[in-house]
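J.: Single-letter residue listing:
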Amino acid sequence: MSTSAPAGLETALQSGLSPDEYALIIRRLNREPNAVELGVFSVMWSEHCSYKSSRRHLGKFPTKGPCVIRGPGENAGVIDIGDGDAAVFKMESHNHPSFIEPYQGAATGVGGIMRDVFTMGARPIALLNALRFGDPEHPRTRRLVSGVVSGIGGYGNCVGVPTVGGETNFHRGYDGNILVNAMCVGLARTDRIFYSAAPAADLPVVYFGSKTGRDGIHGATMASAEFDADSEAKRPTVQVGDPFAEKLLIEATLELMGTGAVAAIQDMGAAGLTSSCVEMAGKGGVGVELNLDLVPQREADMTAYEMMLSESQERMLAILEPGREAEAERIFTKWGLDAAVIGRTTSTGRIVLRHKGEVVCDVPLAPLTEDAPLYDRPWVEETRAKRLDPAKVPAPEDWTTAILTLVGCPDAASRRWIWEQYDRHVMADTLEESGTAADAAVVRVHGTPKGLALTCDCTPRYVSADAYEGGKQAVAEAWRNLTAVGAQPLAITDNLNFGNPEKPEIMAQFVRAVEGMAEACRVLDFPVVSGNVSLYNETDGRAIPPTPAVGGVGLLSDWSRRAAYSTMAPDDILLVVGVSHGELGASLYLREHLGREDGAPPPVDLQAERRNGDFVRALIRDEAVNAVHDLADGGLALAAAEMALASDLGITLEPSSQLHAHALLFGEDQARYLIATPEPETVIARALEAGVPVSPVGRAGGRSFASGDLFDIPLAVLREVNEGWLPNYMSRTA
Amino acid sequence: MKAAVLVFPGSNCDRDCKVALERSVGAQVSMVWHKETELPAGLDLIVLPGGFAYGDYLRCGAIAALSPVMSAVRDAASKGVAVAGICNGFQVLCEAGLLPGALLRNVGLKYVCKFIDLDVVNGQTRFTAAFGETRTARMTMGNGEGNFFADEDTLDRLEGEGQVVFRYRENPNGSARSIAGIVNEAGNVLGLMPHPDRAFESALGSADGALLFKSVMASA
Chain P
461 MSTSAPAGLE
471 TALQSGLSPD
481 EYALIIRRLN
491 REPNAVELGV
501 FSVMWSEHCS
511 YKSSRRHLGK
521 FPTKGPCVIR
531 GPGENAGVID
541 IGDGDAAVFK
551 MESHNHPSFI
561 EPYQGAATGV
571 GGIMRDVFTM
581 GARPIALLNA
591 LRFGDPEHPR
601 TRRLVSGVVS
611 GIGGYGNCVG
621 VPTVGGETNF
631 HRGYDGNILV
641 NAMCVGLART
651 DRIFYSAAPA
661 ADLPVVYFGS
671 KTGRDGIHGA
681 TMASAEFDAD
691 SEAKRPTVQV
701 GDPFAEKLLI
711 EATLELMGTG
721 AVAAIQDMGA
731 AGLTSSCVEM
741 AGKGGVGVEL
751 NLDLVPQREA
761 DMTAYEMMLS
771 ESQERMLAIL
781 EPGREAEAER
791 IFTKWGLDAA
801 VIGRTTSTGR
811 IVLRHKGEVV
821 CDVPLAPLTE
831 DAPLYDRPWV
841 EETRAKRLDP
851 AKVPAPEDWT
861 TAILTLVGCP
871 DAASRRWIWE
881 QYDRHVMADT
891 LEESGTAADA
901 AVVRVHGTPK
911 GLALTCDCTP
921 RYVSADAYEG
931 GKQAVAEAWR
941 NLTAVGAQPL
951 AITDNLNFGN
961 PEKPEIMAQF
971 VRAVEGMAEA
981 CRVLDFPVVS
991 GNVSLYNETD
1001 GRAIPPTPAV
1011 GGVGLLSDWS
1021 RRAAYSTMAP
1031 DDILLVVGVS
1041 HGELGASLYL
1051 REHLGREDGA
1061 PPPVDLQAER
1071 RNGDFVRALI
1081 RDEAVNAVHD
1091 LADGGLALAA
1101 AEMALASDLG
1111 ITLEPSSQLH
1121 AHALLFGEDQ
1131 ARYLIATPEP
1141 ETVIARALEA
1151 GVPVSPVGRA
1161 GGRSFASGDL
1171 FDIPLAVLRE
1181 VNEGWLPNYM
1191 SRTA
Chain X
82 MKAAVLVFPG
92 SNCDRDCKVA
102 LERSVGAQVS
112 MVWHKETELP
122 AGLDLIVLPG
132 GFAYGDYLRC
142 GAIAALSPVM
152 SAVRDAASKG
162 VAVAGICNGF
172 QVLCEAGLLP
182 GALLRNVGLK
192 YVCKFIDLDV
202 VNGQTRFTAA
212 FGETRTARMT
222 MGNGEGNFFA
232 DEDTLDRLEG
242 EGQVVFRYRE
252 NPNGSARSIA
262 GIVNEAGNVL
272 GLMPHPDRAF
282 ESALGSADGA
292 LLFKSVMASA
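Chains P and X supply the protein sequences, listed in that same order.
Take 461 as the starting number for the first sequence in the working numbering and just add one per residue.
Take 82 as the starting number for the second sequence in the working numbering and just add one per residue.
For the record, the hints were derived by calculation from the structure and aren't laboratory data.
Backbone N, C-alpha and C fix where the C-beta goes; we use that ideal spot for every residue, glycine too.
Honestly, I wouldn't trust all of these hints.
Mimicking EDC-like on lysine to aspartate or glutamate, the simulated pairs with C-alpha atoms at most 20 Å apart in a straight line are [unchecked claim]:
id, chain 1, residue 1, chain 2, residue 2
1, X, Lys195, P, Glu1183
2, X, Lys191, X, Asp156
3, X, Lys116, P, Glu470
4, X, Lys116, P, Glu1180
5, X, Lys195, P, Glu1180
6, X, Lys195, P, Asp1108
7, P, Lys794, X, Glu117
8, X, Lys116, P, Glu1057
Some chain X residues flagged as far from chain P (calculated, every beta-carbon gap over 12 Å) [claimed, not checked]:
id, residue
9, Lys83
10, Gln109
11, Ala134
12, Arg155
13, Gly189
14, Thr221
15, Asn224
16, Arg279
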């Protein structure tokens, strides 16, 4: 095939473009693109790279605030955490690849998100992940859980960044599309942040890291399409990770940045070399010219098309200050990395690629970047589920069974089997992690009294029932979890996972969830600084439950003043902060004990959220509480059971309330916390003064979890059920 | 006290070891790149840190054991300088022949990260004297190939000569005779799978690891 021959509509359609989009390319170029040019357009215009369906709505998020140094649009968001320190973080999905090849899909998801963070000049210091799997009884689920968990561990453990937190859900809605969202947090100095925009023309463009191979070609396009029966055939589009190479890349990149030789830098992630050079030149308003013969190649006879679309992992592209090539080369050699100057920035506003003496691509950058298609997808008014009257929801006939069902259900059972496979302690700054029973992970800002609190949250069943309230709740829960360890919530990253946006009812979920999240972010002063959108999570026309995952970051000015829920002491009085109406719609009790998924989710009163949270944070700061746990899935019953198990100390609940017992114990009303304190009078007096509702609900002591004549369950039994589910499930053969 | 921490490509606890030594005993620590052929003069301790040297390719520790710096380590060890291999460092020392035995894949076939309780089996070594009457230690472990193996004769000899220094109270990975840490015959080379460098102050869940570094300092 001649490199100049027109690619044709047929090839465009195979590359995931629509007939209209192909026609638009021809209009922009005044001619038909050749195969390489079409390849460049197809990946840059893929949903994954262009955000063409979502971009219009992402503008609704508040992205500014006193702590924000750099909001969305860079590789990761940057916030100021005082004293010249900055936290750099982002969350990103690797859903499609992880479903096809769980180990490599998840591993390269972790690798990719770390690159986004160190590309900005930050050393990665913590990883989290938000995972959603199908029904445990689905024949694929066990293998996917096993592969994803070992992939996450295999990569993060080797690179030496602790995996400190996350969440895992199971639901049949994910049978055909699992979600693997990975979050990375890094630390940098505020005056040493690196960006991707090329600052000028005529600067050297240097490639470094692993060689380019034929793996992951069209990964971004694959991630922008639905699955069908032939999805297995897409395995070759999944990249293969090498965490050892990543570790060397981190050290080399940070060392190179330290020399002052780096003018701009970008990792090669989705759409590989294409997106990195297009974005760097595009953002800088310059042009770029590359000689592909110089690209370090793993295989012989790679075509220009393959090199531009390869998603081989652990590769970076940097633009150097003039005359600094030798210095850079010394560092690459020290770390054993492949590297080459493969081109220069230009002033043409075009991307020009040469290969074997021919120009194989020569197109303007603007249509690939700011003038890429932008869609206002139609959406219908969503149907919002109706509130359930708690009095009409049946109470359990057998309370012990109901409690044990909740404590041992797939969404609430202990995740020990998962997190014991993750190195949570490397870097020796981890204070709270998945294994220590706090609502958020806490890592120290190395060598300082400061700590970062980190969490990942979303309750998909709420978003399914009411996208707007569910979106609000995801943000509010992240804010609450950070607060529950005593941190001041600062900012979020998000990972918006939805189905096919071309369907108006899916687009409605997306739009309403974004609007709900935006509202919560505004009221809670919790701006969005980075994020990722993953659409087309559908198989055979069936979409996943809408899942806007939120990654929250908060700051503890003194990490020694923080709270967990493993630290309740004998004779502590338990108080619930916040109002309980007994909201049972879309609750865990309803689903797990009654087999129903109807009803509206609990509404989120953001003003109450803020007031109650500020109150709890002050109690923690003043060391007036021994333990704190947010009330979420499973309501007071599950929160108290978890606090008892983590503290290895019994709890007797003796709530006095007008509500039905099951509404009070299983209701999932928002903006609430369970606190254990030796000085209830002081706390109640302070609450009165602050206008915060608190109510005594029980007392710590003994060796069982009990409530009046409803239930009395020995802790050992509770623990066996809670700890048993996941390992038993994983060791069963299907 | 003067210490060196070796840095192989893929080491990831090098900084942790440096910080642990500085904070627990105020050691003066140099970082030594694996390509160096000489070590700083006057060392009291050489640490081979945890991580995945050379990505654990081929076998854990196999390639690192051939690094240029290892000749210098061998020389120093033969002259009686204390050498401690932690986690991946233990694997390197076994591959280098400085310690007997080998570390195999964990019996559960999974990476295991958790806090574990150890018995201090021999409190008379250069690495354990400071434990004193305390005969237990709590540390965190994190490895996929920490299953200590040696033939029965070697194990008997290690036990008989007091070379078994730390033993798991609950065996997490199938290690022969629940061995977590051993020393060589001369008693100056230690291999330990759990991490004292992640348990050197109470904020991290345990400060017992600091006793190991204090022991070395007392003997220096």
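J.: Each of the hints needs a verdict: does it hold here or not?
T.: Hint check results:
1. X:Lys195 <-> P:Glu1183: Satisfied, since the Cα-Cα distance of roughly 15 Å is no more than 20 Å.
2. X:Lys191 <-> X:Asp156: Distance ~36 Å between Lys191 of chain X and Asp156 of chain X Cα, so the pair is violated.
3. X:Lys116 <-> P:Glu470: Since the Cα atoms of Lys116 of chain X and Glu470 of chain P sit roughly 55 Å apart, the hinted pair is violated (cutoff 20 Å).
4. X:Lys116 <-> P:Glu1180: Given pair Lys116 of chain X, Glu1180 of chain P is violated - Cα atoms ~51 Å apart, limit 20 Å.
5. X:Lys195 <-> P:Glu1180: Within the cut-off at roughly 19 Å; holds.
6. X:Lys195 <-> P:Asp1108: holds (18 Å)
7. P:Lys794 <-> X:Glu117: holds (12 Å)
8. X:Lys116 <-> P:Glu1057: violated (62 Å)
9. Lys83: holds (21 Å)
10. Gln109: Non-interface label stands for Gln109 of chain X: nearest chain P Cβ at 17 Å, farther than 12 Å.
11. Ala134: Label violated. Min Cβ-Cβ 9 Å, cutoff 12 Å.
12. Arg155: Holds, because the least Cβ-Cβ distance between Arg155 of chain X and chain P comes to about 24 Å, which exceeds 12 Å.
13. Gly189: violated (10 Å)
14. Thr221: violated (5 Å)
15. Asn224: The assertion about Asn224 of chain X is violated, with a minimum of 9 Å to chain P.
16. Arg279: Violated, since 5 Å does not exceed 12 Å.
Hint check: violations occur at hints 2, 3, 4, 8, 11, 13, 14, 15, 16; the rest are consistent with the structure.
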